[in-house]
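Based on the hints, put chain B in the right spot on chain A.
Now for the letters of each chain:
There are 2 protein chains.
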Amino acid sequence: MKDFTVENLTEEVIKAYSANTASPRMREIFTALITHLHGFVKDVQLTEPEWFTAIEFLTNTGKKCDDKRQEFILLSDTLGVSMLVDAINHPKGGIGTESTVLGPFFVPGAPDLPHGADIRRRHLDEAETCLVTGRVTDQNGQALAGATLEVWQTAANGFYDVQDASAPEWNLRGRFTTNADGEYALVTEKPVSYPVPTDGPVGRMLDAAGRHAFRPAHLHFMVKADGCEPLITHVFVNGDPYLDSDAVFATKESLVGDFTRSSDAAEAARFGIKAPYSRLAFDFGLMRR
Amino acid sequence: MKDFTVENLTEEVIKAYSANTASPRMREIFTALITHLHGFVKDVQLTEPEWFTAIEFLTNTGKKCDDKRQEFILLSDTLGVSMLVDAINHPKGGIGTESTVLGPFFVPGAPDLPHGADIRRRHLDEAETCLVTGRVTDQNGQALAGATLEVWQTAANGFYDVQDASAPEWNLRGRFTTNADGEYALVTEKPVSYPVPTDGPVGRMLDAAGRHAFRPAHLHFMVKADGCEPLITHVFVNGDPYLDSDAVFATKESLVGDFTRSSDAAEAARFGIKAPYSRLAFDFGLMRR
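Protein chains in written order, with the numbering used here: chain A, 1 to 289; chain B, 1 to 289.
Okay, chain A solo, but in the shape it has when bound:
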């Protein structure tokens, strides 16, 4: 029989998860997972109270999740894991638009809206009207007609609709389709920087590290077109004070957009808004498969 010790245990556990694992990929994942998990425990010589604290932390993280809150994605985000997975799977240097993390607040099924529609379903006094326009092309600059562009963002009060019981459903969310020239346009409010939720285990972790919880202001986009790789990304607000200390490590220089102040009365009239307003022009380049 086996007598398990610090010296032989990791090897024995890896054997147990290799001997009969049908999928070679699962075998690879088990082996690396066990190696690093045991490596962590051995490197820090984890004590029993620390182990129990970790068990409670993970349990509470799972219990904090519901249909509107995904604390494990937030944990992955705040430990830089989500961004690492993104960076591995979408290496920098392509000519398409760079990607970044999905975040915990995407909700599938946002309503389809016509070109230029306003995604605000209520008007907060502090919100600044913002017009966003641009084109979706392939990596060669060829217009992609009929591409879909899903947008979601925080309100001026710092909350996504799903965090805010007083927000109308689908507030600041919508799905747009590009026209024959690959163009899209939408009206919204200028995004603000905001803290990730700190009332759960992840908030306590950030506290323990003396880290602030803020993310630089951004719009989320998920862009899809037939024959192209889907793109999940943000556009960040140039000048935001948290651009160099994003709580979830998701910033990229190429994703910073200039939100300018526009007084174009004719354009404002075309979109049914009042000048002056905030104005972002941002194009997306998708990679053909």
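Just to be clear, a hint being listed does not mean it is correct.
It does not matter which identical chain is meant; a pair holds if it fits inside one copy or across any two.
Taking lysine to aspartate or glutamate and the DMTMM-like style, the derived pairs with C-alpha atoms no more than 25 Å apart in a straight line are [claimed, not checked]: (1) Lys2 with Glu48; (2) Lys2 with Asp258; (3) Lys2 with Asp244; (4) Lys42 with Glu229; (5) Lys63 with Asp199; (6) Lys68 with Glu56; (7) Lys274 with Asp258; (8) Lys224 with Asp138.
Don't read these hints as lab results, they were simulated from the structure. Fair warning: this is a prediction, and the values are worked out from it, not measured in the lab.
Frame of chain A; chain B shown alone:
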């Protein structure tokens, strides 16, 4: 501002969790955790669907936990992490009794019972009556009077009381106190080998690895005495077919006990049971602080 890439991300995340972390121990834990977590993701080049599968797995593991089920301890156990923590904190080679994992089924507050009491609160036909006796001493063999010895185990149907709605509360659990000679005695049923719960995420993980879920039959003990380190351990049943493939890697040769068949009618009468019965003699040695 930061432009995060596969190459710089891990270092930047470690910096973010080091710069303002007040506790040196927390800093050490964050650094090792981030290093190994990122190392795992990079080693296997984790894909986005795999990342999402991991998020769902961890979320479901948390959601499976309640006041009677601890799926994260089970996950830690089945990945050998609990045993590694135990081995690190209680290195082999001492002269006291060796320790092993707590497991997910300990319930604090078991009733205090007198010397020789029967912890069975119902009688299953398949259960074999078992008398357990022994002494609790310090590492020098000096009797420890007034030591407490908490015992818990599965029933002959393979379930702990908290897994079995039909089981009486505290079935096969109790706390005993040693007499002036350090002796304890209790009546129970002979433990059987049983599968860890497989109706949750951990069961699916074991399936993916083609691992059986069985643990060799054992009694759990938590032994405490003033001035000594508490001891958490098992006594395994010699001859059990799963001794060399414990689902949670918790076996140690020194913890295997001989459950013999006894026909001692006088002893049986003393404990109010019928001969023949199963008989275990096992002494525990605690380490003085």
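Self-check item: Homomeric proximity label, Lys2 with Glu48: Cα distance no greater than 25 Å
Solution: Classified as within: same-chain Cα gap 23 Å, cross-chain 37 Å, threshold 25 Å.
Exercise. Give the relationship of Lys68 and Glu56 under a CA distance limit of 25 Å: within one copy only, between copies only, both, or neither.
Key: Cα proximity of Lys68 and Glu56: in one copy and across copies (22 Å, 14 Å).
Self-check item: Identical-chain pair category, Lys2 with Asp258, by Cα at 25 Å
Solution: between (64 Å within a copy, 17 Å between copies)
Practice problem: Using 25 Å as the alpha carbon limit, work out where Lys42 and Glu229 are close: within a copy, between copies, both or neither. | Solution: Between copies, since 22 Å is at most 25 Å while 41 Å is not.
Quiz prompt | Homo-oligomer pair classification [Asp244, Lys2; C-alpha up to 25 Å] | solution = between (51 Å within a copy, 5 Å between copies)
Quiz item: Is the C-alpha distance from Lys63 to Asp199 at most 25 Å within one copy, between copies, in both cases, or in neither?
Solution: Result: close both inside a copy and across copies, 13 Å intra and 18 Å inter.
Practice problem: Give the relationship of Lys224 and Asp138 under a CA distance limit of 25 Å: within one copy only, between copies only, both, or neither. | Solution: within (11 Å within a copy, 69 Å between copies)
Quiz item: How would you classify Lys274 and Asp258 at a CA-CA limit of 25 Å: within, between, both, or neither?
Solution: Result: close within a single copy only, 20 Å intra versus 87 Å inter.
Violated hints for the displayed structure: none, as all numbered hints are satisfied.
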